[in-house]
Amino acid sequence: MMTPSTHVAAAPPAAAQPGTSRSVRPAGAGRARTTRRVRSASLNAFGIVIALLTLFPLFWMISTAFKPSQEIYSLTPSLIPAHPTFGNFRAVISGQVSGIGSVWLFFRNSLAVTLATVLVASLVSLLASVAVARFRFRLRASFLVMLLIVQMIPAQALIIALFLDFERLNLLQNLLGLIIVYSAQALPVSIWMLRNFVATIPKELEEAAAIDGATGFRIFWRILFPLVAPGLVATSIFAFITAYNEFIVALTFLGQAHSDYTLPIYVTYFFGRGGAQWGPIMAASTMYTIPVIIFFLIVRRRLVGGLTAGAVKG
Amino acid sequence: MAGISGQAHAVLPAGLPDGLPGGGKAGRAFRAGAFIRRHKLAPYLLLTPALVGIALVLLWPLVQVVIFSFQNYGIPQITGVAPTQWVGLANFTSTFKDSEFWLSLRNTVMLAIVVVPATLVAGTIVGLLLNRLGKKMAAFVSTAALMAWATPPISAAVLFYWLVNPDGGVVDWTLSKLPHWLVGSNNWAQYNWTTTGAFQAYVVIAVLVVWQAFPFIAVSVLAGLKTIPTELLEAARVDGASPWRVFWKITYPMLKPIFLVLLLLSVIWDFNIFGQSYIITGFPGNQNEYNLSLYLYDKAFASLPPSYGLGGAIALIFALILLVITVGYVRSSVRQGALA
Chain A
1 MMTPSTHVAA APPAAAQPGT SRSVRPAGAG RARTTRRVRS ASLNAFGIVI ALLTLFPLFW
61 MISTAFKPSQ EIYSLTPSLI PAHPTFGNFR AVISGQVSGI GSVWLFFRNS LAVTLATVLV
121 ASLVSLLASV AVARFRFRLR ASFLVMLLIV QMIPAQALII ALFLDFERLN LLQNLLGLII
181 VYSAQALPVS IWMLRNFVAT IPKELEEAAA IDGATGFRIF WRILFPLVAP GLVATSIFAF
241 ITAYNEFIVA LTFLGQAHSD YTLPIYVTYF FGRGGAQWGP IMAASTMYTI PVIIFFLIVR
301 RRLVGGLTAG AVKG
Chain B
1001 MAGISGQAHA VLPAGLPDGL PGGGKAGRAF RAGAFIRRHK LAPYLLLTPA LVGIALVLLW
1061 PLVQVVIFSF QNYGIPQITG VAPTQWVGLA NFTSTFKDSE FWLSLRNTVM LAIVVVPATL
1121 VAGTIVGLLL NRLGKKMAAF VSTAALMAWA TPPISAAVLF YWLVNPDGGV VDWTLSKLPH
1181 WLVGSNNWAQ YNWTTTGAFQ AYVVIAVLVV WQAFPFIAVS VLAGLKTIPT ELLEAARVDG
1241 ASPWRVFWKI TYPMLKPIFL VLLLLSVIWD FNIFGQSYII TGFPGNQNEY NLSLYLYDKA
1301 FASLPPSYGL GGAIALIFAL ILLVITVGYV RSSVRQGALA
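Those protein sequences? They're chains A and B, same order as listed.
Heads up: the first sequence is residues 1 to 314, going by our numbering.
Heads up: the second sequence is residues 1001 to 1340, going by our numbering.
Only chain A is shown next, with the shape it has when bound in the complex (with noise of 0.2 Å):
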């Protein structure tokens, strides 16, 4: 791995000079700019070993995925698959491996409960966040510290209480259950961040739009709404990734209940019951990884504001 990163790294000498900006020097000093660009080779260097690794394992995921058992289990392993093929993916799809089903059920079960929770975790975040920025009210800082508070309980800690609870109310071998818990988790989170949104919208708009006769709800869903969307993407990625992630409410809920796991419940059967079926295991895990980092590769720029909006700065 050593031998290609240097190799790349020496040959774009082009790529290396961001340096022009500080290129203010004095056109003598030939030595300053010849360590400049020593240091800027390395930095590339070390950037790229850095990349390399980090996407090694991902890289791995999918070569297995690709690879046919006798490849997998080879003495020496190579990087990239000799004879590549679809039939890890085949028998992830028919369902004759995992002998639970084919893995687009458990990719719908994902995306119903992961949607329906953006959806209901959205709604009465926004609500309550516009109670939170533009109300003044008793309890208004308790509620909020409650909230910072409520959001670190960890859900192992609960998650006995819930599951006799939802047991009691007929709500655990199915998706509502799911849906109805991970909408709960991702409130305080959202709320928090959607009331940075709310608060910035000059509240003059809805003074303005009462006075113009406009009920509460016309001006909460035609200027409140709009101006507060990019909040909203924020928000719902969060709460996307609480619900596609989730493990432990969905492994104690679903129990035996095959045909209602999601994927993370899907791909931990899977790999449980052993017998060393590493191409499709690898197979069903990257058709259960690539939406989501596709998805992360879209929404990268809200990801990072959002989050460093809601994590970092409060």
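No lab work stands behind these hints, which were simulated from the structure alone.
Among the hints, a few may not be true.
Here chain A is said to cover these stretches of chain B; the calculated rule only asks that three of the stretch's residues, wherever they fall, bring their Cβ under 8 Å from a Cβ of chain A [said to hold, decoys possible]:
hint, region
1, 1049-1057
2, 1285-1291
3, 1302-1314
The structure presented is a predicted model; accordingly, all values stated were derived computationally and were not measured.
Glycine included, every Cβ here is placed at the ideal spot set by N, Cα and C.
Following the hints, position chain B against chain A.
Relative to the frame of chain A, chain B by itself:
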């Protein structure tokens, strides 16, 4: 005022159907609106759905867990075969007497002690690097980091289990091919990372957690770095300060609030690890590899008979540990003016 209302019109999409609801309905809506306004009910109405959700799914279960922890609650009590009894602190004393509890606490704390600084250092280094790299290179490195960050924890855990698998795993193969002086003279071929002992399993978990968590730190540090005026850093560099000195004298003090929040968040996250350790330790296989979460889960659901009282006591101890850390987090948030 006219100017402002003009703005308001501009915000409304042009050509909206100005359809007010029918007369009677509007009248009723108006009366309800007047009632809400007179009693200043609007904020409470807006808060109701959120409060109901949080209360029923987060707060009430917490109360129940506290109650369970002082009872002998289990399957016989639920089915009504035996009465529910208050047992005082019995669940807590038996937890504290259990050597498995202390083992899992030690595993949890040791993991956090290693992983929190490792994540912060790795993330900060990558953040500083991203700040110095050219545009294309920075995009490449941050895309790679983003992908590790995006990987669902369960997927990542299964993937790392496969990487270190004794039969066909690429890590053992690489270690066995490296020169012996570099990796010790052990025979790494077919080395079993997940069942040999708690230490080996937690090495895998630590690498896995750092791999997934450093991108968030890097991105946050990078966002903080962008707020430092470049003149300040330029000036220090012109004065001949080394990068090390510049970091400790300028960058670190200016980013201290961010580092504090990141530190507390990392501690909380690493204490909460469940899915990754569930997969890597092969739950419920190796009890000496439990962390607190797995120990709790085992006592409440996996061991026979399941004891919700005992599980509740462990959950409470666990929550109290996190509460102490959280108080630190809340205080630092409040001090930064988060409630304004």
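Each hint tested on the structure:
1. 1049-1057: This one holds; 7 residues, not fewer than the three required, reach chain A with a Cβ under 8 Å.
2. 1285-1291: With 0 residues close enough to chain A, the hint is violated.
3. 1302-1314: holds (count 3)
This entry does not satisfy hint 2, going by the numbered hints stated previously; all others are met.
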